[in-house]
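A.B. asks: Heads up: the sequence lines are chains R and D, in that order.
Positions 1 to 204 (the working numbering) are the ones given, in order, by the first sequence.
Positions 1 to 137 (the working numbering) are the ones given, in order, by the second sequence.
In case anyone wonders, no lab produced these hints; they're calculated from the structure.
Just so you know, not all the hints are guaranteed correct.
Restricting the straight-line Cα-Cα distance to at most 25 Å, the calculated cross-link-like pairs of lysine-lysine (DSS-like) are [as the list claims (entries may be wrong)]:
(1) D:K84 to R:K148
(2) R:K113 to D:K128
(3) D:K76 to D:K10
(4) R:K192 to R:K101
(5) R:K101 to R:K31
(6) R:K148 to D:K10
(7) R:K156 to D:K128
(8) R:K148 to R:K31
(9) R:K101 to R:K113
(10) R:K31 to D:K128
(11) R:K31 to D:K10
(12) D:K128 to D:K10
(13) D:K76 to R:K101
(14) R:K156 to R:K101
(15) D:K84 to R:K156
(16) R:K156 to D:K76
Only part of the chain D face toward chain R is listed, based on derived beta-carbon distances under 10 Å [stated by the list, open to error]:
(17) E92
(18) R125
(19) F130
Cβ atoms here follow ideal geometry from the backbone N, Cα and C, with glycine treated the same way.
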Amino acid sequence: MALDSRGSEASRPWIEAAHPTYPCLIDKEHKVAQLYGMLNVPSAVWIDESGGIVRPTESAGAIDTSRAIDRQTGQVSPEARAEAQRRRQLYYEALRDWVEKGEESVYALSGQKVLDRVRGTDERHSLGAANFRMGVYLYEQGRPSEAKRFLEEAQKLHPENWAFRRQSWNLEDTGQPVRRNMAALMDELGIKHFREPIDMPGMD
Amino acid sequence: MATVLCGDRKTNIPEAEALGEDLWIPQADLERASGWTLEPEGVCFDNSCVPIPTHREAEFLRPQAFNLSAFWRHLKRPVIHDEKGDNWVFGETAGGLKAALSSLQAPDFALPDLSGHYHSLSDYRGTKVFLATWASW
């Protein structure tokens with residue numbers, strides 16, 4: 001599911017390069033992301049054959065390297081990169097384990113464990129989503145300066161929503177490289193995580 | 001004249017009248033704009049109905065017209081509009097996910113693929129689904 005307000009033309013080259021054997025959908029307004037409380041990419045939910053949630057929304061194997069970015073090079077350190085790779089492999093193995101074993105997998109959660117992990121949304125979040133939707137619509141209508149106001153409001157209402165923020169940066173992108181100080185930005189926003197840690201055996 | 005964005009719908013309503021925070025639309029346009037219908041029991045969607053609060057009918061109803069924004073606020077859902085009042089977003093309710101998940105069922109949805117063909121989550125019952133997000137940015 002591409003959270004891409006520029007739509008299928010932005011996603012197309014990536015999808016075609018992947019030669020997918022699975023459905024690739026386009027979520028222009030981040031509507032389904034909002035429904036599942038997905039605040040960044042990559043996020044994922046595991047759903048079983050009967051439509052039940054087995055693992056609610058969490059990072060799909062990616063860890064938070066935002067504070068490990070070298071200010072000079074803009075690159076993540078080799079150590080952080082290796083650690084990220086290790087965690088990603090673990091996540092894929094867990095996913096395969098569940099595909100193979102179903103509810104017998106240690107990675108499959110049930111009942112209260114699922115509910116405990118679900119993050120609720122409140123009125124600020126849904127107002128933020130409405131502002132984001134208006135911003136995307138005005139952008140599509142060729143009114144970028146008016147769109148900006150609504151995109152900024154969405155970010156203000158839901159500051160933890162990195163998908164809103166990163167999408168807004170993307171829509172405003174002039175093609176000039178921008179080096180952002182993520183650590184400083186997060187401190188300024190008072191936000192602890194770029195991605196929440198994955199609560200899974202082996203992930204600490 | 002207004003464009004109403006509500007749920008999956010994007011509807012142009014030529015006879016809509018925007019007055020500040022209120023958007024009055026022809027009653028005949030209510031269903032295509034929002035999926036809700038006006039019934040004797042109240043305003044209904046998908047077999048459940050919300051009564052118009054007694055003694056406050058004038059806030060919501062005029063001859064032939066319906067105050068969609070007043071109704072949406074009554075549902076405690078967000079309503080926003082652009083500066084001119086030409087474009088309106090009627091947002092989703094807060095707490096949707098927690099509510100949906102009280103049954104531990106993944107909420108259904110529909111999104112298009114590259115060819116514009118819509119897929120629903122419910123199309124994939126009977127198989128495990130790994131629903132993951134990514135982006136070109």
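A.B. asks: Determine for every hint whether it applies to the structure shown.
C.D. replies: Taking the hints in turn, this is what the structure says about them:
{"no.": "1", "hint": "D:K84 to R:K148", "in the structure": "holds, 16 Å"}
{"no.": "2", "hint": "R:K113 to D:K128", "in the structure": "holds, 19 Å"}
{"no.": "3", "hint": "D:K76 to D:K10", "in the structure": "holds, 21 Å"}
{"no.": "4", "hint": "R:K192 to R:K101", "in the structure": "violated, 35 Å"}
{"no.": "5", "hint": "R:K101 to R:K31", "in the structure": "violated, 31 Å"}
{"no.": "6", "hint": "R:K148 to D:K10", "in the structure": "holds, 20 Å"}
{"no.": "7", "hint": "R:K156 to D:K128", "in the structure": "violated, 36 Å"}
{"no.": "8", "hint": "R:K148 to R:K31", "in the structure": "holds, 19 Å"}
{"no.": "9", "hint": "R:K101 to R:K113", "in the structure": "holds, 19 Å"}
{"no.": "10", "hint": "R:K31 to D:K128", "in the structure": "holds, 22 Å"}
{"no.": "11", "hint": "R:K31 to D:K10", "in the structure": "holds, 14 Å"}
{"no.": "12", "hint": "D:K128 to D:K10", "in the structure": "violated, 32 Å"}
{"no.": "13", "hint": "D:K76 to R:K101", "in the structure": "violated, 43 Å"}
{"no.": "14", "hint": "R:K156 to R:K101", "in the structure": "violated, 43 Å"}
{"no.": "15", "hint": "D:K84 to R:K156", "in the structure": "holds, 23 Å"}
{"no.": "16", "hint": "R:K156 to D:K76", "in the structure": "holds, 20 Å"}
{"no.": "17", "hint": "E92", "in the structure": "holds, 6 Å"}
{"no.": "18", "hint": "R125", "in the structure": "holds, 6 Å"}
{"no.": "19", "hint": "F130", "in the structure": "holds, 6 Å"}
Hint compliance for this structure: hints 4, 5, 7, 12, 13, 14 are not met, and every other hint is.
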